Amino acid sequence: MMNEKKPNKIIDVTFILSTLLCFGPMIYGLIMWKKLPEQMPIHFNADGNVDSWGGRWMNVILFPLLMILGNAIVHLSFNIKASKMGENVNSKLPYVFKWFMPVLCYTISFIVYSYSLGKEIDPTKIVTTICSILFIIIGNYFPKLEKWMLNIPVKDENLTWVKRTLGWAFMIAGLVSLIFSFTPAGIWVFLGATGVVVVEVFYCASKAEQ
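Just so you know, this note's numbering puts 112 at position 112 of the sequence shown, and the rest follows in order with no gaps.
Derived by calculation from the structure, the hints in this document are not laboratory data. One or more hints might be untrue.
[Unchecked claim] For lysine to aspartate or glutamate, the following EDC-like pairs were computed, each having C-alpha atoms within a straight-line distance of at most 20 angstroms:
| # | residue 1 | residue 2 |
| --- | --- | --- |
| 1 | Lys144 | Glu200 |
| 2 | Lys34 | Asp47 |
| 3 | Lys207 | Glu157 |
| 4 | Lys81 | Glu157 |
| 5 | Lys155 | Glu200 |
| 6 | Lys98 | Asp12 |
| 7 | Lys35 | Glu120 |
| 8 | Lys119 | Asp51 |
| 9 | Lys119 | Glu38 |
| 10 | Lys119 | Glu146 |
| 11 | Lys125 | Asp51 |
| 12 | Lys207 | Asp156 |
| 13 | Lys98 | Glu146 |
| 14 | Lys119 | Asp47 |
| 15 | Lys81 | Glu146 |
| 16 | Lys84 | Asp12 |
| 17 | Lys84 | Glu146 |
| 18 | Lys144 | Glu157 |
| 19 | Lys92 | Asp12 |
| 20 | Lys144 | Asp156 |
| 21 | Lys163 | Glu200 |
| 22 | Lys9 | Glu146 |
| 23 | Lys92 | Glu146 |
| 24 | Lys92 | Asp51 |
| 25 | Lys207 | Glu146 |
| 26 | Lys125 | Asp47 |
In this text the structure is predicted, and so the values were computed from the model without any measurement.
Produce the entire structure from the sequences given, and follow the hints as far as they go.
Here is the structure:
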């Protein structure tokens with residue numbers, strides 16, 4: 001009885017807290033509503049310039065709601081799978097993904113609100129830096145990932161190799177991207193590093209069952 005696993009909760013404290021946090025940018029936007037322009041940026045190109053505009057309501061209301069929806073999808077995908085398999089989410093990596101949506105929500109809202117209020121910022125450098133750090137964190141925890149969390153079939157004898165290989169891939173990609181994140185080529189280095197990681201994932205998936 002001492003080793004019996006407790007069932008994983010589908011709606012847990014992390015889910016509730018992260019969802020509430022995603023309302024923060026919406027509350028700030030409503031407070032600043034009259035000071036914000038009617039047209040606000042909704043997309044930046046690779047050079048950090050606005051190439052698409054939208055109404056104020058899209059950034060203040062719609063965007064946080066989309067982040068809340070994305071947050072729910074991330075949490076439920078982990079928690080429902082864990083509940084069905086009778087597993088506990090002991091690995092720290094799922095918590096990284098579970099907090100990603102609030103971080104993304106605040107990052108993009110900060111960029112959009114700052115730009116809309118006339119502050120000079122470089123959105124590509126901010127996003128590239130945060131994504132590079134995320135890659136490093138994923139790479140650090142990937143070798144500790146539990147087998148049931150992998151979405152690719154892996155033989156037990158290949159499991160350690162797959163996790164270490166992908167862990168190093170994420171770590172190296174993140175470190176290289178972080179080094180170049182504050183240079184003009186930062187976004188392109190990050191995209192290239194991401195492409196290498198994607199290729200590595202497919203390679204490991206093809207070798208995992210051999």
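Each hint, compared with the structure:
Simply put, Lys144 and Glu200 have alpha-carbon atoms about 18 angstroms apart, close enough for the 20 angstroms limit, and the pair holds. Between Lys34 and Asp47 the alpha-carbon distance is near 29 angstroms, which puts this suggested pair outside the 20 angstroms criterion. Between Lys207 and Glu157, the direct Cα distance comes to roughly 12 angstroms. Compliance with the 20 angstroms bound is thereby established for this hinted pair. Between Lys81 and Glu157 the CA atoms are separated by roughly 24 angstroms; this puts the pair beyond 20 angstroms, and the hint is violated.
Taken as a hint, the Lys155 and Glu200 pair is honoured in the structure, with Cα atoms around 18 angstroms apart against an allowance of 20 angstroms. Taking the CA atoms of Lys98 and Asp12, the gap is near 11 angstroms; set against the 20 angstroms cutoff, the hint holds. For a cut-off of 20 angstroms, the pair hint linking Lys35 to Glu120 stands: about 17 angstroms separates their Cα positions. Annotation: proposed proximity of Lys119 to Asp51 holds, straight-line Cα distance about 18 angstroms (limit 20 angstroms).
Annotation: proposed proximity of Lys119 to Glu38 holds, straight-line Cα distance about 17 angstroms (limit 20 angstroms). Between Lys119 and Glu146, the direct Cα distance comes to roughly 44 angstroms. Violation of the 20 angstroms bound is thereby established for this hinted pair. Proposed proximity of Lys125 and Asp51 is supported: the alpha carbons are some 17 angstroms apart, at most 20 angstroms. With a CA separation close to 12 angstroms, the supplied pair Lys207 and Asp156 stays within the 20 angstroms bound.
Annotation: proposed proximity of Lys98 to Glu146 holds, straight-line Cα distance about 16 angstroms (limit 20 angstroms). For the given pair, Lys119 sits about 17 angstroms from Asp47 by alpha-carbon distance, which is consistent with the 20 angstroms threshold. Between Lys81 and Glu146 the CA atoms are separated by roughly 13 angstroms; this keeps the pair inside 20 angstroms, and the hint holds. With a CA separation close to 15 angstroms, the supplied pair Lys84 and Asp12 stays within the 20 angstroms bound.
Taken as a hint, the Lys84 and Glu146 pair is honoured in the structure, with Cα atoms around 15 angstroms apart against an allowance of 20 angstroms. Using a Cα cut-off of 20 angstroms, the hinted pair Lys144 and Glu157 holds, with the two alpha carbons roughly 15 angstroms apart. Between Lys92 and Asp12, the direct Cα distance comes to roughly 15 angstroms. Compliance with the 20 angstroms bound is thereby established for this hinted pair. Restraint check for Lys144 and Asp156: satisfied, since their Cα atoms lie roughly 14 angstroms apart, inside the 20 angstroms limit.
Restraint check for Lys163 and Glu200: satisfied, since their Cα atoms lie roughly 11 angstroms apart, inside the 20 angstroms limit. A threshold of 20 angstroms between alpha carbons decides the hint, and for Lys9 with Glu146 the separation of about 18 angstroms falls inside it, so the pair holds. At most 20 angstroms may separate the alpha-carbon atoms for a hinted pair to count; Lys92 and Glu146 meet this at roughly 10 angstroms. Of the supplied pair hints, the one linking Lys92 and Asp51 is violated, its CA atoms being roughly 37 angstroms apart against a limit of 20 angstroms.
Proposed proximity of Lys207 and Glu146 is supported: the alpha carbons are some 19 angstroms apart, at most 20 angstroms. With a C-alpha separation of about 10 angstroms, the suggested pairing of Lys125 with Asp47 holds against the 20 angstroms cut-off.
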